[in-house]
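Colleague: Given next are the chains, with one letter for each unit.
Number of protein chains: 2
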Amino acid sequence: MSAKIIDGKAVAARLDQKTAELVAKLGIRPGLAAILAGDDPASHLYVSLKEKACARLGIAFKKVLLPADAAEETVLAAVRRLNDDPDVDGFIVQLPLPPHLNEDKVVASIDTAKDADGFHVKNIAALLLRRELVVPGLVAGIMELIGSTGAVLAGKTAVIVANSRVFFEPLAEMLKRAGTGLQEYAESYSPKLRSQCRSADILIVAVGKPNFITGDMIKPGAIVIDVGTNRLGGKVVGDADAASVKEAAGWLTPVPGGVGPVTVAMLLLNTVKLASKRRFGT
Amino acid sequence: MSAKIIDGKAVAARLDQKTAELVAKLGIRPGLAAILAGDDPASHLYVSLKEKACARLGIAFKKVLLPADAAEETVLAAVRRLNDDPDVDGFIVQLPLPPHLNEDKVVASIDTAKDADGFHVKNIAALLLRRELVVPGLVAGIMELIGSTGAVLAGKTAVIVANSRVFFEPLAEMLKRAGTGLQEYAESYSPKLRSQCRSADILIVAVGKPNFITGDMIKPGAIVIDVGTNRLGGKVVGDADAASVKEAAGWLTPVPGGVGPVTVAMLLLNTVKLASKRRFGT
Chain G
1 MSAKIIDGKA
11 VAARLDQKTA
21 ELVAKLGIRP
31 GLAAILAGDD
41 PASHLYVSLK
51 EKACARLGIA
61 FKKVLLPADA
71 AEETVLAAVR
81 RLNDDPDVDG
91 FIVQLPLPPH
101 LNEDKVVASI
111 DTAKDADGFH
121 VKNIAALLLR
131 RELVVPGLVA
141 GIMELIGSTG
151 AVLAGKTAVI
161 VANSRVFFEP
171 LAEMLKRAGT
181 GLQEYAESYS
191 PKLRSQCRSA
201 DILIVAVGKP
211 NFITGDMIKP
221 GAIVIDVGTN
231 RLGGKVVGDA
241 DAASVKEAAG
251 WLTPVPGGVG
261 PVTVAMLLLN
271 TVKLASKRRF
281 GT
Chain H
1 MSAKIIDGKA
11 VAARLDQKTA
21 ELVAKLGIRP
31 GLAAILAGDD
41 PASHLYVSLK
51 EKACARLGIA
61 FKKVLLPADA
71 AEETVLAAVR
81 RLNDDPDVDG
91 FIVQLPLPPH
101 LNEDKVVASI
111 DTAKDADGFH
121 VKNIAALLLR
131 RELVVPGLVA
141 GIMELIGSTG
151 AVLAGKTAVI
161 VANSRVFFEP
171 LAEMLKRAGT
181 GLQEYAESYS
191 PKLRSQCRSA
201 DILIVAVGKP
211 NFITGDMIKP
221 GAIVIDVGTN
231 RLGGKVVGDA
241 DAASVKEAAG
251 WLTPVPGGVG
261 PVTVAMLLLN
271 TVKLASKRRF
281 GT
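Taken in order, these protein sequences are the chains called G and H. Reminder that position 270 of the first sequence reads as 270 in this note's numbering, one-by-one numbering, no gaps. Reminder that position 126 of the second sequence reads as 126 in this note's numbering, one-by-one numbering, no gaps.
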């Protein structure tokens, strides 16, 4: 068996078309901003990908650059300015922040109505209660990728390998809404990890460990969504060992070209939705 | 300076009086149940304390004992039976569960309307959105203990030393509602732990490490709430090194006799509130 590759770029292109249509319908220029602290080349690359996508889709983009040694108060002040900026409909703080900064505190200071990433704890809480403003782009993107396989989800078992419940909870909620029968949280160091993975019809991996999931951990025919983006010997690889996983899985997202472009596309769609809500109340 | 000791038993006694009045007013016998798996002596002690308190206050109590090697499905089936039991208004799963069991999955299977501990993720989510059915007894208990000092909270800095955001988030929310100016999360292994603690007007510690917080980490005059219950050489001690912390703090909860009895009292008050809601819709 050799898994079919889920084409993230094609899914992203379809989402971009939807976003462009929504921008045209609104008749305004929505605004996205990003706070970027420090010199991490990957972070700069990710922000520039978002900037380019905005340019393509008629969304204004504002980049707030801060030095790597910016004081916490400086970062919080930058967040406050974007909270108050009438031209900004949504914004993100590019993570990771330099290690001396408290990411939780910074994210918690974002106005929930402008939380373009959707990971503010109050937005996650709203999602769990089915009252969300937006679904986090990463979560919504994963659902699109799974949906693009055409697989029937009813009664299936989804296993999410992650080390953060802030990621697990909203994804489990969306999987449940889509009809999966079980949503399991598996921490990377759990002694039951292998058996949990082998029971997964849908396996989502987000642990940041290169090639961590191998083919022998995969249920034959499973849908595998690889959220990892790891640098290994000058190459970008996922959390799944693509070579061996492909032999067992039915579907696999590539890295790069899977979760990444879809998450960016969802960020822009979310920005337009926030703009619609903020400017037109709907 | 020598800290005043916050008398948890006295605070619990006042709460018990309120609970007894509410039970009398409702004119029914509310029902609490506890699922207890395995032979951990401390867990058995805690459950028996809850049972005795129920007997005092006119609340029916049901104990569901399971063997230490109970299968996950057995525990989930016990939860389902209590979810469906018309005599049970609220119930708890005594933690920790034996290590082969998935605590999150078990707690997630509790009917949120019967979640007497209030730590179901959907109940935490509701709390963060100010739509809660109940406040977790541990969180509400801590707020009562702080309130019993008579201290003005407006503009004060609260630091919560914990290794779980499921504990931090609802407590931070309640501290914010009470007027504190800052609520900080401090993980026990954070390099900034010491400076965060020294900035705290209110310091809450819940890490399960005996005598972890020492007097030199305390802002003079601070209110210190010690959630830890650790066994050390046959004695029960908290996460705060009481001897040295007392020299710096303004107020300190003892272990035992601080957070413990107040949490039990709040559990019973929550049970009666859930009974009122379930049986009378209010």
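None of these hints come from the bench; they were simulated from the model. Take the hints with a grain of salt, since some may be wrong.
No distinction is drawn between identical chains; accordingly, a pair holds when it is met within one copy or between any pair of copies.
[What the hints assert, rightly or not] The calculated lysine to aspartate or glutamate pairs, modelled on EDC-like cross-linking and capped at a C-alpha distance of 16 Å, are:
1. Lys235 <-> Glu187
2. Lys156 <-> Asp7
3. Lys122 <-> Asp104
4. Lys192 <-> Glu103
Colleague: Given identical chains, is lysine 156 near aspartate 7, meaning Cα to Cα at most 16 Å, within a copy, between copies, both, or neither?
Modeller: Answer is neither; intra-copy 22 Å and inter-copy 52 Å both fail.
Colleague: What label fits lysine 122 with aspartate 104 when the C-alpha limit is 16 Å: within, between, both, or neither?
Modeller: Answer is within; shortest intra-copy Cα gap is 12 Å, inter-copy 20 Å.
Colleague: Is it within a copy, between copies, both, or neither that the alpha carbon of lysine 235 lies no farther than 16 Å from that of glutamate 187?
Modeller: Intra 26 Å, inter 33 Å, cutoff 16 Å: neither.
Colleague: Should lysine 192 paired with glutamate 103 be assigned to within, between, both, or neither, using CA atoms and 16 Å as the limit?
Modeller: between (30 Å within a copy, 13 Å between copies)
Consistency note: the structure conflicts with the earlier hints numbered 1, 2.
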